[in-house]
Amino acid sequence: MKTLKNHLGLITSLVIVILIAIAPIVSGNAASREVVFTILRAIVLASSLNILLGYTGYVSFGHIVFFGFGGYVGFYLITAQGQSLWVAMLAGGVVSGLLAYLLGKAILRLRGAYFALATIGVNEAVRAFINNFEPFGGPTGMTMNFSVYQEYGGAMKALEMSFYIMLVLALLVVVLSYVVRTSKFGLGLLAIREDEDAAEVMGVVAPDAKTWAFVLSAIFPGMVGALFFFKNGSVEPLDAFPLHTSIEMIVMVMLGGQGTVLGPILGAAGYQRMRGLLVTSPIFKNIQLAVSGGLLLLIVLFVPAGVIGWARQRWPKLRRVLQ
Amino acid sequence: MMILQVQGVSKNFGGLQALSNVTFDLPEGQILGLIGPNGAGKTTLFNVINGVYTPSEGRVIFRGKDVTGQKTYHMAHAGMARTHQIVKPLNDLTVMENVMVGACFGRESHNLKKARQIAEEVLDFVGLAERAEQLAGSLNVGQKKRLEMARALASHPYLLLLDEVLAGLNPSEIAHMVDIVRRIREQGITIIMIEHVMHAIMNVSDRILVLDYGQQIAEGSPEEISQNPKVIEAYLGDPKLAERLMEGGE
Ligand SMILES: Nc1ncnc2c1ncn2[C@@H]1O[C@H](COP(=O)(O)OP(=O)(O)OP(=O)(O)O)[C@@H](O)[C@H]1O
Ligand SMILES: [Mg+2]
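Protein chains in written order, with the working numbering: chain A, 1 to 323; chain B, 1 to 250.
These are calculated hints, taken from the structure and not from any lab test.
Note that beta-carbon positions come from the ideal geometry of N, C-alpha and C, so glycine has one too.
Mixed in with the good hints, there may be bad ones.
Stated by the list, open to error - Here are the computed lysine-lysine pairs in the BS3-like style, where the Cα-Cα straight-line distance is at most 30 Å: (1) B/K65 to A/K184; (2) A/K5 to B/K113; (3) A/K184 to B/K114; (4) A/K317 to B/K113; (5) A/K317 to A/K105; (6) A/K184 to B/K113; (7) B/K114 to A/K5; (8) A/K105 to B/K230; (9) B/K114 to A/K317.
Unchecked claim - Each pair of labels, with its calculated beta carbon distance range: (10) B/D25 to A/L298: 40 to 50 Å; (11) A/M156 to B/Q117: 50 to 60 Å; (12) B/D124 to A/A23: 44 to 54 Å; (13) B/D92 to A/L172: 22 to 32 Å; (14) A/A23 to B/G168: 57 to 67 Å; (15) B/E130 to A/N6: 22 to 32 Å.
From just these sequences and the hints, can you work out the full model?
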C-alpha cells in the first residue's frame, strides 16, 4: 500500500494513457482506433523527447530522425531480410539508440541554440543519406508485400495488433519517463538543465549524463518507427523524416509541461485532438503548422511551465499526483 | 600533511595576466583567508584550483596528486567543493533537491535515500531546514548563499572553497555565517575563504594570503598581514578598505 502511494504520479499517468486508449478497445471501432493510434504514437514521441528537452534542458529540433532511422532499419529487416516485427522493433530501438550515442559524443558539447541547430542538420543529413542509399530504395523508398501480414493473421489483424503494441510502448515509455524522473540519474539531468556548470562543480559528469539522456530519448522513437512503417506498408524519406513533426513534438511537450511525466502525455493528446480538428476544417487545413508555431509562441510567452507545470505551481498539494 | 599545493600558477586571459606565479601550501585543517582588491584574481585562483580553468603555467596538487587541468567534476569526486561568488542556485528544484545533488554526485556518491538524510542534516546545520521544500529560486540572497554552502557541505569534502559567502549579508547574518564556518573547521574540513569583510576574515583565518593584480604580495598570520606595508599600500587605492584592514587586525 505504501509503495503504491509513493508512486501515485506514475499510477496517474498510466491510468490516463489507458483512459485515452479505452474507447476503441471497448467499441472495437476501427476508425476510432486509428485516431487513438496516432495519439499513442504522439505520446511515445513526446515523452521520449521530454527526457532530453524537459529533464536535461536540451532542445532537439530534429528528434524525428530517430523515428525515421529506426523505421527504415525495421522496414528493411522485415521486407528484405524476412525478419519478424519483433526483431524489427528491437533493431529499430537499438540502432536509434546507437545513433544517439554517437551523435551525443559529437554534438552534445554544443549548448543552447547551437545544439538545436545541429540536430536539424543531423535530421537533414540522415534524410539526404537515405535518399541516396539504394538498399533502402533511394528517394522512392520501399513498399511491403501484403503477404507479410499473413504471418500475423492477415492485414486486419495486423492493424489491430499494431494498436495494442503501440499501447504497450506508450505505457512502457511512461514507466521509463517516471523512473528517470525519480532516479539519481534524473536528479543529475535536472541539475544540468538548471545550471550545467554548477552541476559539474557538484560532481555531475555532464557529458556522460547528457549522452545517456539522449540515448534514452531515442530508443522508443526508433521502435515506434519500425512499428509505424510496418503498419503503414511503405516508407519513403519524406514520411520518415518530416522536420515539422519534430517541431510538433516540441509543442506537445511544452503544451503539457516540460520536465513532468504527465505533461507530455496530456500535451500529445491535446495537440493531436486540436490538429485533428484543424486538418478537417476547410479554413485551417493549410495553415495547421502556422497554428502550432503560434501556439508554441503563446506557451513560451504565457505558460512556460505548460499545463501540468502551471497546475503544480497553482496547487502544490497535487504535486504527488501530478508528476 | 599538505592538503593542497599550488605551485607557480599563472593564468592569463588574452593579454590580461589574472594570476602570475602564485605559490602556496595549505596544511590540513586550517582556514586560509584570501584577500585582495577587486579584480585581484581571487576568484580566478579558485577557478584554477577546482578545474574551471586550466592554468597557463604551474601545477595544482591536491592530497598528493597532480590535478592540474582536471575537470570540475573530477575535483568534486576527489573531495573538493566550492561556493560561487555569484550564486548559482538550481532555481526550479527545491532547496532539498539542490543539496541532494551535492550528496549524490560529490565525493561519497550516495543514493537518493542516503542523500536526503545528509541533506536534512546539512540544511539544519546552515539553518535552512524550514525552507527544504521551497524552490531554490524563491530564496533571498542570504539564503541562497547558505544554500551554496549547504550543497558544498553535503558532499562531505576534504577542502572547501568559499567565495565571498559574507557579501551582501547583514551584520547578524554575517555573525551566523562566521559561526558556521568555524563549526565546519571543527569538523576537520580545510577551508580557503575569499572575503572583503575584513574583521570577519581576520578573526577566523589561521593564515592570510594577499593577491594584488594577480601577484601574491604577502602571506602570513592575520597580525602580520594587517601591519604589512605592501598590503596597506595595495589597499590605499581604496582608503576605506585600508582603514577596515587596520581595524580588523587589532
Ligand atoms: N573568463 C574571463 N575572461 C576574461 N577575463 C577574466 C575572466 N575571468 C576573470 N577575468 C579578469 O581577471 C581579473 C581577475 O578577476 P577575478 O574575478 O579573479 O577577481 P577577484 O579578485 O575575484 O575580484 P572581486 O573581488 O571583484 O570578486 C579581472 O580583471 C577580471 O576581469
Ligand atoms: Mg571574485
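Structure-based check of each hint:
| no. | hint | result |
| --- | --- | --- |
| 1 | B/K65 to A/K184 | holds, 29 Å |
| 2 | A/K5 to B/K113 | holds, 17 Å |
| 3 | A/K184 to B/K114 | holds, 11 Å |
| 4 | A/K317 to B/K113 | holds, 22 Å |
| 5 | A/K317 to A/K105 | violated, 40 Å |
| 6 | A/K184 to B/K113 | holds, 10 Å |
| 7 | B/K114 to A/K5 | holds, 21 Å |
| 8 | A/K105 to B/K230 | violated, 51 Å |
| 9 | B/K114 to A/K317 | holds, 25 Å |
| 10 | B/D25 to A/L298: 40 to 50 Å | violated, 59 Å |
| 11 | A/M156 to B/Q117: 50 to 60 Å | holds, 57 Å |
| 12 | B/D124 to A/A23: 44 to 54 Å | holds, 52 Å |
| 13 | B/D92 to A/L172: 22 to 32 Å | holds, 27 Å |
| 14 | A/A23 to B/G168: 57 to 67 Å | holds, 58 Å |
| 15 | B/E130 to A/N6: 22 to 32 Å | holds, 24 Å |
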